[in-house]
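> So the chains spell out like this:
2 protein chains.
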Amino acid sequence: MNYNQYGRLHLPLEQQQKELEQLDFVSKNYNKLSFSNNIYTAFSNFFPEVTSNESLDYKFDLLAINNQKTLKQWLNKDNTALSNCEFYALALQLLNYEANQDFDLSDPFKLLKENQLPFIETDKIDDTNFIEALYLLLNTRAKNGYELIDNLADKGFFLKYIEDPHFNQHLFFNGKSLPVFDAQNMIREVVYVESDLDTDLDGQKDLLQVTIFRPKETDFGLKVPSLYTANPYFGGTNDDKNDLHNVDENLTKVTMENQPYFREATINTFEKTVLDASSTQHAEETATRQRIYRLNDYFFARGFANIYAGGFGTRGSDGLRNTGDPSETTCAKEVIEWLTGDRIAYTSPARTKTTAAFWSNSNIAMTGKSYLGTLATAVASTGVKGLKTIISEAAISSWYDYYRENGLVIAPDACQGEDCDSLAVVCQSNLKDSGHALKLQEQFKKQMAYLQEQQDRTTGQYSEFWDIRNYRHQLEKLNCSYIGVHGLNDWNVKPKNVYKLWQELEKLPIKHKLFLHQGEHVYMNNLASIDFTNMMNLWLSEELLNSQNNAAEQWPNVLIQDNIEADVWHAEKTWNNAIGAPHSQVLSELASEKVKIFTDNGQTFKQLGLSPRQWENAFIKGELSELASEQLKIRLSQNNTDSTLVGRPKINLSVASSMNKGQLSVMLVEYQKRHRLSIVPQIIEMNAQPLGYQFAYETLREFKPQTQTTDFKLIAKGHANLQNYQGKQAVDINPNEFYKLSFELQPTYYHLPKDSQLGLIIYSTDVGMTKRPLEQTTYTIDLTQSSFNYSIK
Amino acid sequence: MNYNQYGRLHLPLEQQQKELEQLDFVSKNYNKLSFSNNIYTAFSNFFPEVTSNESLDYKFDLLAINNQKTLKQWLNKDNTALSNCEFYALALQLLNYEANQDFDLSDPFKLLKENQLPFIETDKIDDTNFIEALYLLLNTRAKNGYELIDNLADKGFFLKYIEDPHFNQHLFFNGKSLPVFDAQNMIREVVYVESDLDTDLDGQKDLLQVTIFRPKETDFGLKVPSLYTANPYFGGTNDDKNDLHNVDENLTKVTMENQPYFREATINTFEKTVLDASSTQHAEETATRQRIYRLNDYFFARGFANIYAGGFGTRGSDGLRNTGDPSETTCAKEVIEWLTGDRIAYTSPARTKTTAAFWSNSNIAMTGKSYLGTLATAVASTGVKGLKTIISEAAISSWYDYYRENGLVIAPDACQGEDCDSLAVVCQSNLKDSGHALKLQEQFKKQMAYLQEQQDRTTGQYSEFWDIRNYRHQLEKLNCSYIGVHGLNDWNVKPKNVYKLWQELEKLPIKHKLFLHQGEHVYMNNLASIDFTNMMNLWLSEELLNSQNNAAEQWPNVLIQDNIEADVWHAEKTWNNAIGAPHSQVLSELASEKVKIFTDNGQTFKQLGLSPRQWENAFIKGELSELASEQLKIRLSQNNTDSTLVGRPKINLSVASSMNKGQLSVMLVEYQKRHRLSIVPQIIEMNAQPLGYQFAYETLREFKPQTQTTDFKLIAKGHANLQNYQGKQAVDINPNEFYKLSFELQPTYYHLPKDSQLGLIIYSTDVGMTKRPLEQTTYTIDLTQSSFNYSIK
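Line by line, the protein sequences are chains A and B.
Under my numbering, read the first sequence as residues 1 to 793, first letter to last.
Under my numbering, read the second sequence as residues 1 to 793, first letter to last.
If you're looking for bench data, these hints aren't it; they were derived computationally from the structure.
Incorrect hints may have been included.
In this list, chains with the same sequence are indistinguishable; a pair is considered to hold if it fits within one copy or across any two.
[As the list claims (entries may be wrong)] Under the rule of at most 27 Å between Cα atoms (straight-line distance), these lysine-lysine pairs were calculated in the BS3-like manner:
1) Lys-241 - Lys-633
2) Lys-573 - Lys-477
3) Lys-353 - Lys-160
4) Lys-596 - Lys-353
5) Lys-216 - Lys-155
6) Lys-446 - Lys-621
7) Lys-477 - Lys-155
8) Lys-446 - Lys-69
9) Lys-113 - Lys-621
10) Lys-353 - Lys-253
11) Lys-216 - Lys-160
12) Lys-69 - Lys-241
13) Lys-793 - Lys-216
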């Protein structure tokens with residue numbers, strides 16, 4: 001397993017020595033002391049859990065330096081060097097590898113090389129190179145994926161800072177903030193930020209409940225940055241109320257008449273209240289909700305406050321949900337304004353006493369996955385002051401790309417029938433408080449009726465409703481740096497969301513970085529193959545704490561996890577078709593006939609009694625004749641060498657429908673019998689990673705080859721309404737007339753091993769995503785006029 | 001869902017009022033204050049998270065008392081009563097049910113009755129009955145399964161006690177200890193208890209590393225009881241070293257010669273060191289290992305220290321593993337001796353300074369599941385002073401019943417090829433420290449060779465090796481009370497372990513209680529259908545804190561979860577065949593032939609390429625002819641009424657083998673197509689149950705009907721060596737000669753619904769449990785001389 005590491009800085013030796021001295025790993029008298037003494041001084045820090053010398057001696061006696069001798073025995077004599085083998089045998093044990101199990105005491109280098117762990121090439125470690133070796137070791141990733149220095153947190157190494165009332169600051173090591181804050185005893189507060197908007201139309205400005213977790217050190221004058229997660233689920237969810245829309249219905253022919261007239265949501269807007277800083281009070285409510293994100297926790301221990309807010313309509317807040325619209329962005333942004341002193345908040349919904357974020361250094365990062373990451377992108381697009389960077393994971397960049405595609409209603413994976421209105425119902429958690437429900441119920445019903453009309457499940461066309469929910473059209477003000485994270489196998493928030501956003505961000509004068517992992521809708525903080533959390537420490541230490549470590553120079557703009565070997569990360573300058581070479585394939589060259597027909601009979605799925613996922617698997621296999629007749633399958637030629645499919649493939653079809661409407665779907669599949677990676681990261685060790693001292697733990701994971709072989713894998717999909725063959729605006733079509741329909745599939749970066757083969761499946765109803773018409777429709781494809789364009793690297 | 005509740009005491013009203021006054025729910029001036037005032041006083045305690053009156057008013061405004069009015073609005077006037085409907089509408093909201101979602105504000109009683117929640121039958125709640133209603137409410141289980149009073153812990157209600165330096169004692173409510181201890185800032189220590197034994201033969205007494213988590217209040221004079229978990233896995237496990245034995249080998253005919261001569265393990269025994277109390281010091285090592293058991297955590301917050309020790313051979317301790325032998329029991333017991341002041345411990349393995357458990361009140365309970373629960377039983381059998389009770393879950397009561405059965409080598413579920421030696425390897429975690437490994441390696445190898453010889457996988461016969469590992473033969477000294485917990489679907493530690501132990505415990509003059517749930521090898525603390533944790537609070541408050549609550553009278557000796565409806569718990573006086581009526585069935589009456597033959601061909605399993613679990617399923621189905629020919633299947637008559645199979649069924653076979661050896665297996669199966677319960681409890685809500693203030697959380701779970709129907713369920717199994725037909729001592733048998741072989745199956749308590757049917761499958765190789773002979777053997781059963789005995793209630 002390669003323990004890739006990008007977050008380690010190469011600093012001058014002088015700086016290394018200074019940092020080691022500061023942490024007491026190296027004595028100020030280093031040059032006057034014997035090598036044994038220097039080893040003793042350094043190694044005593046690895047056992048902060050013992051307080052007596054004899055206990056420490058015992059710990060040294062548990063560490064063998066070779067197959068004959070323990071460190072304690074070695075220290076009994078005054079030695080001037082350790083052999084390099086002995087030093088790295090000790091090093092691996094400190095990194096939590098088991099001697100003579102994970103590695104041989106007589107040859108630590110085999111494992112060091114296998115796991116890509118850094119070491120110094122030398123014969124021996126002595127006074128001349130010990131500082132360099134020690135510094136490198138402390139900044140090396142241990143078996144649990146964390147750097148050795150970070151692993152010392154849980155053993156109490158940093159207690160000397162945590163418990164010292166005179167030590168009240170951030171502390172950096174190798175450019176990153178250290179866990180010197182008391183995470184056991186955090187301050188947990190709730191305040192109510194005053195919005196300028198009144199979304200529930202009660203004539204009062206809506207209040208936004210904000211939950212703050214901040215280090216107690218901030219009560220003694222320290223100012224800290226904030227990681228802020230705008231989280232519509234934070235107040236709980238109304239899962240039982242989520243009535244999904246029926247998708248077993250025929251397509252509706254799109255006309256001018258059956259698309260709704262756009263009207264904005266009705267919202268009252270007020271003037272911002274002017275802050276009177278002199279009158280603010282301390283918060284009067286303690287937070288009782290649980291923290292929800294391990295990445296935030298990690299940074300808490302390192303001196304970053306954690307802020308959570310649900311936004312309008314969530315439990316504790318006023319207002320109504322309005323999935324993705326500008327008011328949602330506004331309320332998420334207003335929390336930042338409070339954090340930078342530009343907005344008032346109250347101690348309670350009584351609105352009598354204001355309270356200020358006196359502890360905030362006004363530098364904020366937004367974090368979060370899915371809807372949470374979406375809001376990070378949304379707020380970044382406002383250019384709000386104080387927001388320095390976002391770490392936006394698996395985020396929606398346009399809600400049309402979440403619930404629609406090319407004129408069709410398209411569901412996220414496993415969310416058939418969900419839409420803007422049902423998601424609003426799920427998140428309208430302030431209804432959980434019956435007192436709130438009594439007051440809001442009527443407006444809430446109106447709001448849901450508004451969403452239901454405007455989202456327009458009848459035609460699926462792009463409209464102004466969707467345009468104001470497209471953050472990519474609002475990037476002109478964006479001025480913070482950007483970290484994007486997305487799973488290449490995410491079928492919930494599809495990767496085209498980050499792909500399209502990335503193309504726009506590249507044009508802006510901001511620092512921007514992208515990580516593409518092999519997971520589905522998951523985060524990557526805890527992967528063994530890359531030091532993501534550590535990289536984020538470097539990044540946030542620079543962006544929010546001014547540590548000036550040049551984080552952006554430490555790794556390439558785009559890092560992409562390989563789909564064959566999970567511990568290989570590919571470096572790219574960007575992610576688009578141009579990083580490969582274009583290929584185009586006329587489909588008739590791959591088939592025996594020039595024209596092909598398939599019929600979507602409208603009943604097959606129900607008759608088979610399969611789940612959408614079972615259907616998809618059976619459909620790709622195509623062994624059942626009922627399914628085979630509903631698709632057109634074309635294989636490209638076999639890959640005679642390793643290569644990589646990059647960017648967004650595009651299909652160009654010449655297609656005729658038997659009706660005056662039609663929906664086309666395309667799957668891109670890779671065929672080869674082999675063990676493919678799981679798309680859920682597998683547990684390597686539960687709670688392996690300590691986030692601070694006696695605090696929370698993260699579980700170490702990685703994608704691993706599945707135990708069963710598979711014959712194929714779905715790489716990408718695309719869907720389009722035939723009426724949209726001319727573009728965003730649907731036009732009339734005639735039955736049995738050929739139209740040229742082109743659309744892009746999901747973007748990818750897919751390592752195609754030698755002898756694998758690509759294939760296309762062209763079909764209509766995509767059971768888990770499209771509507772499922774009940775009527776029979778026949779599609780005819782003219783293969784001579786159809787082609788597949790893709791890019792290969 | 002029935003929220004069964006056994007841990008609530010019915011106390012005199014006077015006592016209720018006193019307890020409510022103590023917690024400030026009721027004012028000392030109750031009788032002088034208005035009803036509205038009394039409501040205000042009481043309800044303000046439900047929102048300890050707010051500190052101002054206006055914040056509190058807002059919380060009251062979030063609670064509707066009916067579909068028109070909030071509690072705040074109601075409090076604005078001076079009312080003399082709430083209607084019962086209004087009071088219980090509020091009550092359900094406090095219990096975390098959602099108004100007009102989980103229940104109607106206009107009819108809270110429907111849900112109260114459905115969930116079996118207690119309420120007072122009256123028209124209205126006023127000054128005359130409010131105290132009774134409030135006390136009942138605080139002692140009612142909320143939606144998350146915990147009593148309302150316990151749920152207030154996480155909101156900070158008990159902070160007034162936690163933060164008060166003058167409050168330094170246990171506090172009881174309704175007979176149970178309250179979470180008034182600071183679990184955020186616990187004292188975590190490691191000490192080294194001196195054993196009298198030297199198992200690694202280095203000439204020194206072995207030291208036992210003990211980890212202590214104790215409330216910081218104990219540093220200020222408070223003495224607390226201990227929950228002690230003897231846990232051989234606490235120091236980690238050597239999973240990679242676990243070389244399992246090959247089971248694909250022929251049976252060996254048992255002779256006098258091929259059974260090993262018993263020899264005790266070689267262990268040095270020393271005199272106990274006399275304690276010099278005057279010279280003891282504080283511990284000098286902080287614990288760094290994570291706590292492992294949520295039940296212990298729950299009690300930590302309630303003023304019970306948590307003690308973990310791995311025992312000989314585990315990481316941090318000296319010595320060698322010796323799976324289940326008396327030395328293992330001794331070292332687990334010696335920790336208790338230290339806790340009661342009867343044994344010395346050192347601050348470090350340097351053995352220079354001793355340290356005493358000055359904070360211990362010398363009352364100890366042992367807890368734990370599986371091997372951990374086993375050691376609780378083992379230590380109880382020593383009668384050690386200070387051990388007042390054990391909560392022993394899924395515990396082994398005789399190691400022969402774990403790794404052997406009736407003269408055969410029989411694996412626990414999913415542990416084929418495991419044995420005493422391989423388990424010892426897994427737990428010998430002190431080898432993880434290379435310094436320890438250097439010293440121990442030679443003795444460790446000898447020890448493993450000893451176990452391998454003595455466990456005797458060749459013949460599988462009972463011997464003195466196993467007899468000293470049978471705790472049921474050592475119960476004469478046992479004098480503590482007993483809580484047993486076991487899953488009726490536990491195929492790892494099979495229920496016969498607790499069944500056989502129970503029969504012996506019943507003869508002793510001790511309090512004894514048994515819980516049988518529907519799970520596999522899992523614990524039941526967090527089931528929604530029963531207040532197990534709360535019951536244990538009542539139990540331990542009496543046993544260890546002398547709260548004199550008569551816990552043992554609160555519920556019947558045996559509580560058994562129904563296998564059809566998971567929220568029904570059956571009360572029984574005991575668990576044996578006598579609680580039902582005996583039935584006997586001659587097998588020829590159920591078959592068309594009088595003699596039946598089946599042939600175990602020795603190759604089928606491998607040829608089919610199935611996992612043991614897939615094999616078992618296919619074998620019971622019996623559709624494949626290869627599997628059908630290896631079994632004899634007999635159906636009993638259909639059940640024409642609901643009934644329950646109880647105790648241990650017994651099979652009597654007249655059987656001949658084609659060889660001079662043979663192994664017989666029997667499955668008891670219940671047939672009916674229906675949705676059966678999962679045997680893993682399903683998650684109802686993650687982290688729903690707060691164990692204390694800002695501390696750990698437990699997940700609420702329950703067994704639920706599976707989404708798929710199944711046609712059958714395996715109820716019980718049994719296995720026997722044909723050479724053991726006369727009993728424990730194997731004798732020679734002749735090929736093709738009939739022998740009468742009788743053996744019992746697993747005990748059960750199985751609700752047989754109307755129209756279900758029992759069936760027996762008689763066969764030889766049980767792929768997941770027995771050895772898997774390679775040679776072909778034919779078995780002939782004389783059905784006229786074979787019968788099945790069982791008990792029905």
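> For Lys-216 vs Lys-160, is the C-alpha pair at or below 27 Å within one copy, between two copies, both, or neither?
Both: 16 Å inside a copy, 19 Å across copies.
> How would you classify Lys-446 and Lys-69 at a CA-CA limit of 27 Å: within, between, both, or neither?
Classified as between: cross-chain Cα gap 22 Å, same-chain 78 Å, threshold 27 Å.
> Taking 27 Å as the upper bound on the Cα-Cα distance, should Lys-477 and Lys-155 be classified as within, between, both, or neither?
For Lys-477 and Lys-155, neither the intra-copy (45 Å) nor the inter-copy (42 Å) Cα distance is at most 27 Å.
> Under a CA distance limit of 27 Å, which applies to Lys-113 and Lys-621: within one copy, between copies, both, or neither?
neither (42 Å within a copy, 52 Å between copies)
> At most 27 Å between C-alpha atoms: does Lys-793 with Lys-216 qualify within a copy, between copies, both, or neither?
neither (52 Å within a copy, 62 Å between copies)
> At most 27 Å between C-alpha atoms: does Lys-216 with Lys-155 qualify within a copy, between copies, both, or neither?
both (21 Å within a copy, 19 Å between copies)
> First find the shortest C-alpha distance between Lys-446 and Lys-621 inside one copy, then the shortest across copies, and answer within, between, both or neither for a cut-off of 27 Å.
So Lys-446 and Lys-621 fail the 27 Å test inside a copy (46 Å) and across (56 Å) alike.
> Since the copies are identical, ignore which copy is meant and state whether Lys-69 and Lys-241 lie within 27 Å (CA to CA) inside a copy, between copies, both or neither.
between (67 Å within a copy, 24 Å between copies)
> What label fits Lys-241 with Lys-633 when the C-alpha limit is 27 Å: within, between, both, or neither?
For Lys-241 and Lys-633, the Cα distance exceeds 27 Å both inside one copy (40 Å) and across copies (49 Å).
> Pop the pair Lys-353 and Lys-160 into one bin, within, between, both or neither, using alpha-carbon distances up to 27 Å.
Close across copies (25 Å), not inside one copy (38 Å); limit 27 Å.
> From the Cα coordinates, with 27 Å as the cut-off, is the pair Lys-596 and Lys-353 best called within, between, both, or neither?
For Lys-596 and Lys-353, the Cα distance exceeds 27 Å both inside one copy (72 Å) and across copies (88 Å).
> At most 27 Å between C-alpha atoms: does Lys-573 with Lys-477 qualify within a copy, between copies, both, or neither?
within (24 Å within a copy, 75 Å between copies)
In the structure shown, a violation is registered for the earlier hints numbered 1, 4, 6, 7, 9, 10, 13, in ascending order.
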